[in-house]
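Student: What follows is the residue order along each chain.
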Amino acid sequence: MTVQLEDVTVHFGRTCALEGLNLTVAAGETVALLGPSGSGKSTALKAVAGFVRPSRGRIRIAGVDVTDVPPAKRGIGVVVQQYALFPHLRVADNVAFGLRAARRPKAEVTRRVAEMLDMVGMSTYARRFPRELSGGQQQRVAIARALAIRPPVLLLDDPLAALDAQLRADMLDELQKLRREVPDVAIVYVTHDQAEALALADRIAVMRAARLVDIAPSADLYAAPPSAFTASFLGGANLLPVEVSADEVRVAGHPLAGVRAKEGNNLLCIRPHAVRLGSGGLPARLLAAQWRGASSRLTCAIDGLPDVRVHIDVPAGGPLPEVGAQVSMVLPPEACSLVPAGTR
Amino acid sequence: MFAIVLAVLVLAPFVVVGAAAFSGSWNGVFPSDPTTSHLRDALSGDELASLTVSLQTALLGGLLAVVFGTWAALASRTASAPLVRFTDALYHLPIAVPSVVVGLGLLVAFSRPPLLLNGTKWIVVIAHLVLMVAFTYGTVAAALQRTDDAYADVAASLGASPARVLWQVRLPMLRPAIVSAASLSVALSMGEVGATIMVYPASWRTLPVSVFALTDRGQTFVAAAESLVLLAVTVVLVVTLDRLRGRAVER
Ligand SMILES: Nc1ncnc2c1ncn2[C@@H]1O[C@H](COP(=O)(O)OP(=O)(O)OP(=O)(O)O)[C@@H](O)[C@H]1O
Ligand SMILES: [Mg+2]
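Protein chains in written order, with the UniProt record's numbering: chain A, 1 to 344; chain B, 1 to 251.
Source of the hints: derived by calculation from the structure; they are not laboratory data.
Among these hints, one or two may not hold up.
To be clear about the criterion: a stretch of chain B counts as covered by chain A if any three or more of its residues have a C-beta under 8 Å from a C-beta of chain A, and this derived list gives those stretches [claimed, not checked]:
#1 146-158
#2 165-173
If you anchor each label on the Cβ, the simulated ranges turn out as follows [to be verified]:
#3 A/Glu-132 <-> B/Ser-161: 24 to 32 Å
#4 A/Arg-150 <-> B/Thr-120: 52 to 60 Å
#5 B/Pro-82 <-> A/Ser-55: 19 to 27 Å
Where is the CB? At the ideal position from N, CA and C, for every residue including glycine.
Input sequences plus hints: build the corresponding full structure.
Tutor: This is how it looks when you write it as C-alpha cells:
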C-alpha cells in the first residue's frame, strides 16, 4: 500500500516546520528521511501518523485521503524517537496493546504477541517492565508493538539515535533482517545518520530547513548528488570552487582533464576516499592527520585556495607525509562531478 | 545553633500538647497528675462523632478534589491558551484568598434557594473541595507537563479510542501524582479550620473545629487530647496513601 504526501505543510504557531512536502512511498519500499536536527523529519512523520494536522496539503494511504482521519483509524505502525513504551505495562502487554484495542480474541492476542516477541528476539523478556530493559531491547519491543497490528505502513523516527555506536551497528543488522520479514510494508525511516540511510533505504529524501532538498535512489544520490547540500550531508563530500572556461574545468588555476564542464555556478564534488596523494596533482599542504583505525583522515589546503579544507581518507598502513609538508593531490576525473553551488 | 532553635520552635508545641493531653492539671512549670481520662473523653460521644465527621469530610472532599483537579489538568492540556490561563488563575484563587473569606463566600452563595446547602454537611464538603482542588490541580498538572505526548500519540496510532488512551495510558501514568495529590488534600482537609468554622452546621462538626470550640470553653486538656487524636489519624492516613504511591512508582 502506498503512502502519498502532496504539498504537506505544517506550522507550529508561526514556525513552519514542514513546507510543501511531496513524497510517495510504495508498498515494500523503504524511504529514508535524512536531514540535520530541526529539518522537519519528525514533523513529516507525525503528519503521516496523524499526530499533527497539516495546515495545507493532503495525505493518502492506498489512495484513500486520510488527512482528516484520526490516528486511531489510520492503522499505521509508529516507533517514536524515545520509543514511548508504556511504563506501567509489561513487555507482553505493551505488544498486546494494539490488538486489545482492536478487541481481538484472547487466544489470537497471545499467539500474535508470542510471534512478535519471537521475531525481535525478546521472548524471554515478556514479563519485564520497560525500565528493566536496555535501550536496544526497548527498541525491539517498540518495533514489535508497532508491527503487531500488521500495519501496511511503518514509520520509524530515528530509532537508533539513543543507542551507542556498537549497539547501533547491531541494530542496523537487525533492521535489515526485519525488513525481509515484512516485505510488503511501506517504511518511512527518519534519521540524521547517513550510514543508516544508505544501509536501509531504497530511496533517500534529504531534508533541510523544513524542505525536501533532493530525493533519489540511494546509490544515485551518493554517486551523483544533485545539490551541494546533499553532497556534503550524504557522505561528507569535498566541495571545491572551480573556474570554467571553454569546456575546461580548473581548480586553483590547474586544469582537470576528463571533467566535463557544465552551465551555471558549480562546485566540484569529490568524496574523501576518492582523493589520492600521488605525483602530478594539485600542490597542497597537509594541515592535520587523524588516524581512524582502518583509514586516516587528512586535512589539506590547496595552494591558492587557503580557505577551503579538503578531506582525504587514505587506507591505514601506508606511509603518511608529515603534517605541514607539501603534498600533491590527485583528483581522479571519474570520481569528480559538478554540483550546483546553490546555498550550502 | 539554628537547627536547635528550629527544632524547639517546631517540636515544642507537639511536646506540650502531648504532655497536656495526659495530665490532670498544669499549675507549675511542669504538668502533674498523669491521667488518660482526657483521651477517653476525646474518644467518646460528640468528640468521637467529630472524628468520623472529619474522616468523612476529608475522604469525600479529598476524593472530589482529586477528581476535579485531575479532570481540569487533563482538560487544560487541549484547551486554548487564554482559557488555560483563566482556569489556572481560578483554581489558584483559593490559595491566595484567606480561607475565612472562602467560607464566607460559600455561606452567602449557598444560603438561599435554589442552592440551599447551608445547614447540611455538603456545604462543609464543598468548602474543603474548593480549598483542596487548587493543590490537586497543581500537582497533577505539573506531572502532566513532564509526561511526553508521545505516549498518548502512540496509543492512538495503535488504534486506541480516546477513552482507552485516557484510562489505560494517561491515568495509569499519572497515578503517582494523583495519589500524592490525594494524600496532600486529605492531610490539609483534616486540619482545615478557617473556612469550616464559617459554614459548619451543628450536626457536622469536624475535629479541628471541636478542638477550637473546646479550647474556647476552657477545656484545654481535652482539646489537647483531641489534637493528639487528630494528629495520629492524619499521620496514619497520609502514611497509608504514601504507601500506595510507593507501590505505584515501583510498578
Ligand atoms: N510541538 C512543536 N511546537 C513548536 N515547534 C515545533 C514543535 N515540534 C517541532 N517544532 C519545530 O519544528 C521544526 C522541525 O522539527 P522536527 O521535530 O520535525 O525536526 P527533526 O528533523 O525531527 O529534528 P531532530 O533530528 O532533532 O529530531 C523545528 O524547528 C522545531 O523547533
Ligand atoms: Mg525528530
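Student: Now tell me if each hint is right for this structure.
Tutor: Hint by hint, here is what the structure shows:
1. 146-158: Coverage by chain A holds here, the residue count being 10 at a Cβ distance below 8 Å.
2. 165-173: holds (count 4)
3. A/Glu-132 <-> B/Ser-161: 24 to 32 Å: Check passed, 29 Å falls within 24 to 32 Å.
4. A/Arg-150 <-> B/Thr-120: 52 to 60 Å: At roughly 58 Å between Cβ atoms, B/Thr-120 and A/Arg-150 fall inside 52 to 60 Å, so the hint holds.
5. B/Pro-82 <-> A/Ser-55: 19 to 27 Å: holds (21 Å)
Every hint, counting from the list given before, is met by this structure.
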